[in-house]
Amino acid sequence: MKRASIAISQVLLALLMISNSAYGQTPEQKGLEIATERKARDIGWQDSYADASMILRNAQQQETIRKIRIKSLEINNDGDKSLTIFDRPRDVKGTAFLSFSHATTPDEQWIYLPALKRVKRISSRNKSGPFMGSEFAFEDLSSFEVEKYTYRYLRDEKVNGVDCFVIESDPVDKYSGYTRQVNWIDKAHYRAQKVDFYDRKNALLKTLTLLNYQLYLDQYWRPLKMVMVNHQTGKSTDFVTHNLSFKTGLTEKDFNKATLKRAK
Amino acid sequence: MKALWLKAIISHSWLTLILVLSFVIVSVIGAKNLYFRGDYKVFFERDNPQLVAFEKMQKIFSNNDNAAIIIAPKSGDIFNQKSLKLIKQLTDEAWQTPLSSRVDSITNYQHTWAEEDDLIVEDLLLDETSIDEQLIDRIARITISEPNLVKRLISDQGDVAVINITVQLPDASIPENAATAAQAVVEIADYIVALTDSYKEKYPDHNFYHTGVVYMNNAFITESKNDVMTLVPAMFLAIVAILWLMLRSIAATISTVLIIFTAIISTMGLAGWFGFFLSTATVNVPTVVMTLAVADCVHVISTMLLALSQGKSKSEAIGYSVEQNLTPIFITSATTAIGFLTLNFSNVPVIVDLGNLTALGIMIAFLFSVTLLPALLNLLPLKVKINNSNNKTKLNGIAYWVTRNHKKLLPTSVIIVIASLYFSTFNHINDVPTEYFDQSTDFRQATDFQQANVSGMSTIDFALYTEVESGINSPSTLKQIQSFATWLSAQSEVDHVATISDTFKRLNKNMHGDDQAYYQLPDSQELAAQYLLLYEMSLPYGLDLNNQLDIDKSATRITVILKNLGSKEFTEFEQRAKQWISANAPNITVDAASPALMFAHVGEKNMKSMLVGALVALIIISCLLVFALKSWKMGAISLLPNLIPAAIGFGIWAIYSAEINMGLSVVLSMTLGIIVDDTVHFLSKYQLAKKLGSSTEQSIHYAFNNVGYALWTTTVVLTIGFSVLAMSSFRLNADMGLLTAIIIVTALIVDFFFLPAFLMLLDKSKNKTQLEINRA
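Chain order of the listed sequences is A and B.
Sequence positions in the first sequence follow this note's numbering and run 1 to 264.
Sequence positions in the second sequence follow this note's numbering and run 265 to 1040.
None of these hints come from the bench; they were simulated from the model.
Honestly, I wouldn't trust all of these hints.
Each computed BS3-like pair below joins lysine-lysine, with the alpha-carbon atoms no more than 25 Å apart [what the hints assert, rightly or not]:
1. A:K93 to B:K743
2. B:K464 to A:K201
3. A:K120 to B:K769
4. A:K225 to A:K247
5. A:K261 to A:K93
6. B:K658 to B:K949
7. B:K464 to B:K338
8. A:K71 to A:K253
9. A:K120 to B:K773
10. B:K773 to A:K93
11. B:K769 to A:K93
12. B:K872 to B:K832
13. A:K71 to A:K225
14. B:K897 to B:K832
15. B:K769 to A:K117
16. B:K349 to A:K201
17. B:K773 to A:K117
18. A:K201 to B:K466
19. A:K174 to B:K349
20. B:K832 to B:K894
21. B:K576 to B:K296
22. B:K323 to A:K67
23. A:K201 to B:K323
24. A:K261 to B:K773
25. B:K466 to B:K338
Predicted model only: the values in this text are computed from it and were never measured.
Using the sequences and the hints given, assemble the complete structure.
Now the structure itself:
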């Protein structure tokens, strides 16, 4: 049923595209169209399991490493669910972070602290805050949903030799830390190649570069390296995915506040 | 040789003019390379240990350069609907400040509390539309009991609040960035002032003040601008007036003004070619060069006018004057330049620049006054009317009085010198940047208000490095951090201590249902780490813990706000704190740094270097005097009148202020080079008379007659020049100008009253022979 509705909406969208190109699109329409296509191409992966490292670097070029495992579950017509288990630093080993991202309502988040043996809710107002002290904010890591932003197509441009659409997306949520993002989406596969983040005073804050795209299940592209550079503080974080597998058989039961304590 | 060159200048005046002017033009083009640096870091060498430690800390933790808005309701109470609403709105809008990365106030303070099983982390005042009595009470209760806030973001009386805006300033030490950096400071400062002005309209019953590093840098920029806009024109007018009064000749005045003008623009242009930049110290190079260059011109012109009045032709008079003055002007210019060159001993780069540029300017002025000046005088029409016999009579009076009373004068001088030496021991070094600005400046008024109502403005950051990943979370380390913070708070110098250990205690309490009994450190590493993780994950954009913890939690930064004290107290406090760590937490490496600490250290270090510099200046200049006066004895005699003025000057200073800052550290070597001129002129004339067979007394009278008036006029010019500098509201410049002026006046008094008496005592032998000759 859901599949069918997606198919229908895609057909409608395609019709819309044709009619628009015939009459000339507004930049907003073209931006939305690109974002919709980007999301459409990433539907149906079901679930994934990843080993990842975050390498944090300060302006003094000192480095430190965080190790995590991420279980993700695709939720149709809403944001995905994810469970992040911390392995390093050692004194937070076993801490588990559960997040339900939503397209239109605030995300829900809980954290399990093994030393306290308790699950704590985390307010969604912090979505602009840093994840594990890195340069990635919560909102940078939550799943991409079309409804989270309004769009505007800016221009075409090449990034590292790849032809891209450049679209601006303005967050809908007032608790976002950004006034706008500028996305470079490649024309061939609708993958984000680069994102510029503008802070609340509309100054360039960070740039995300997405590298080493790999194809999974012959359909889904995932970057194995994401580099986030903070231009204002000189800090940066590399988010490196080591192992990534899809359709590992995870279900809603694995993403449950009550079972968070048993997450391993 | 000399004659040939003189002839060339006089017979080919136009050519000389063109040659000199082409040199001026080529030099001036270099001015395009000049740029202004308005940041306080210009006072520190790149490898200054305190600066290095500070910048390292800024990179490991976050940059904490700030601009602060102080809000004072006239009602004397922050805790009312209106004031809280104002703070909340202003805090939100302050995030729009250019280059800001963080805004802290009592309203966006991330208050934590327990709610059932959850940890709530929330702005203390989330919504300004729902402020009622109950909320006001809650906010008042929480703020006044929160160690993180009291005396930092709110006064302990609850009558004044502070909004602290952290900004990321561009690094001004990279030349390409300097202009942007200075511009950024002005832009941020103006933005915030405009913002508070709009609030002042909406909330007329509140006063606003601005402090912080941004406003300190801004004050450096503003005061430099004010110096350029007011002191340079004032100096220029003063000089024109003096020249007119002394020379009574339009042509002579115009020529002198032209020499001064071309000398200054050439100096600044060459500064550009050599890669110098302008700063609070070097913007006054024109004023100083102007002051010193006048003397050269006055000597040349007054001799020429004298020759003209004696009936010489114009070209003869010019030739005669230049020939007569070349050596003395060269010697006096060289000694003055040497005095300024010894500023190279300074540890403060902009003082080194001031020395080098002024020395360059002095030598250019010398060159121009023996080339361009005679050429100009030759080309311009001259009218002669000179008569200063009146002044000479007065000076003769002094001369006779001095030689008659030398037996009383000498002991009096000795007493004055000893008293001055005694008083000058009360001088102490004090370099506190906020005190560099006088009470008329907005910045100083703001910092004074802050000190009186909230806390001092000076901070010291202590970075505690464990060198172990997650080392800060270890219970034993946390205990050490807590004890250190407790020790710091107990020190009399301290207003506020911001430490991560307080956060840990608060979280532990929150995690135990807000039970005050649990307001203590967590007892295991895991617990501490996970509290912190939970807290960090709950903080919104910009309000993270990067300012207190490094990325791998191996180090923490404790920020201490100190009362506005002297630099000596700062360094002593730093020493005690470091000793505490080595005695009580030997596993921790500690670094201390802050702008206040940098100034405190450089002030002391610079004073030591400048004493060496002054000694070197004394040795070189004395050797030069021996050479110029061609007499070891005269060289030795000159030592006293060269040194006494500084002794008396610093004695007077001890009574006037007793505070020695960076600006004053250079006065010793600088004035030595200037006042030596008086001695040279006086002694050389005295010597001349002596050689011609006059008695000591007669020779003194001769010296008075011949150079007394010239010394008097140059002293007037120099005193006025440095007094103009003393009007700067930037104290480094003002104090330097004032003390220099005092010493220059003292030098003349010493040369008129002490030196003759001293000569009468020392030169007795010759007196006897003289008497014998007379008897024979």
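Hint check:
1. Among the hinted pairs, A:K93 with B:K743 is consistent with the structure: their alpha-carbon atoms are about 23 Å apart, no more than 25 Å.
2. Only pairs whose Cα atoms come within 25 Å are accepted, and B:K464 paired with A:K201 is accepted, the gap being roughly 23 Å.
3. Straight-line distance between C-alpha atoms of A:K120 and B:K769 comes to about 18 Å, which keeps the hinted pair within the 25 Å bound.
4. For the proposed pair A:K225 and A:K247, the alpha carbon gap of about 21 Å is at most 25 Å, so the pair holds.
5. For the given pair, A:K261 sits about 13 Å from A:K93 by alpha-carbon distance, which is consistent with the 25 Å threshold.
6. Distance restraint check for B:K658 and B:K949: the Cα-Cα separation of roughly 19 Å lies within the 25 Å cut-off, and the hinted pair is therefore satisfied.
7. For the suggested pair B:K464 and B:K338, the alpha carbons sit about 12 Å apart, so the restraint of at most 25 Å is met.
8. Among the hinted pairs, A:K71 with A:K253 is consistent with the structure: their alpha-carbon atoms are about 12 Å apart, no more than 25 Å.
9. As the CA atoms of A:K120 and B:K773 are separated by approximately 15 Å, the hinted pair is consistent with the 25 Å bound.
10. Of the supplied pair hints, the one linking B:K773 and A:K93 holds, its CA atoms being roughly 23 Å apart against a limit of 25 Å.
11. Taking the CA atoms of B:K769 and A:K93, the gap is about 22 Å. The hint holds against a cut of 25 Å.
12. Straight-line distance between C-alpha atoms of B:K872 and B:K832 comes to about 14 Å, which keeps the hinted pair within the 25 Å bound.
13. Straight-line distance between C-alpha atoms of A:K71 and A:K225 comes to about 17 Å, which keeps the hinted pair within the 25 Å bound.
14. The suggested pairing of B:K897 with B:K832 is violated, with an alpha-carbon distance near 42 Å, which exceeds 25 Å.
15. For the proposed pair B:K769 and A:K117, the alpha carbon gap of about 19 Å is at most 25 Å, so the pair holds.
16. Annotation: proposed proximity of B:K349 to A:K201 holds, straight-line Cα distance about 21 Å (limit 25 Å).
17. In summary, the hint linking B:K773 to A:K117 is supported, as the alpha carbons are separated by about 17 Å, within the 25 Å threshold.
18. Pair hint A:K201 plus B:K466 holds up; C-alpha atoms about 23 Å apart against a cutoff of 25 Å.
19. Among the hinted pairs, A:K174 with B:K349 is consistent with the structure: their alpha-carbon atoms are about 20 Å apart, no more than 25 Å.
20. Between the alpha carbons of B:K832 and B:K894 the distance comes to roughly 46 Å, so the proposed pair goes past 25 Å and is violated.
21. With a CA separation close to 45 Å, the supplied pair B:K576 and B:K296 exceeds the 25 Å bound.
22. With a CA separation close to 24 Å, the supplied pair B:K323 and A:K67 stays within the 25 Å bound.
23. Only pairs whose Cα atoms come within 25 Å are accepted, and A:K201 paired with B:K323 is accepted, the gap being roughly 23 Å.
24. About 23 Å separates the Cα atoms of A:K261 and B:K773, which keeps this hinted pair within 25 Å; it holds.
25. The suggested pairing of B:K466 with B:K338 holds, with an alpha-carbon distance near 14 Å, which does not exceed 25 Å.
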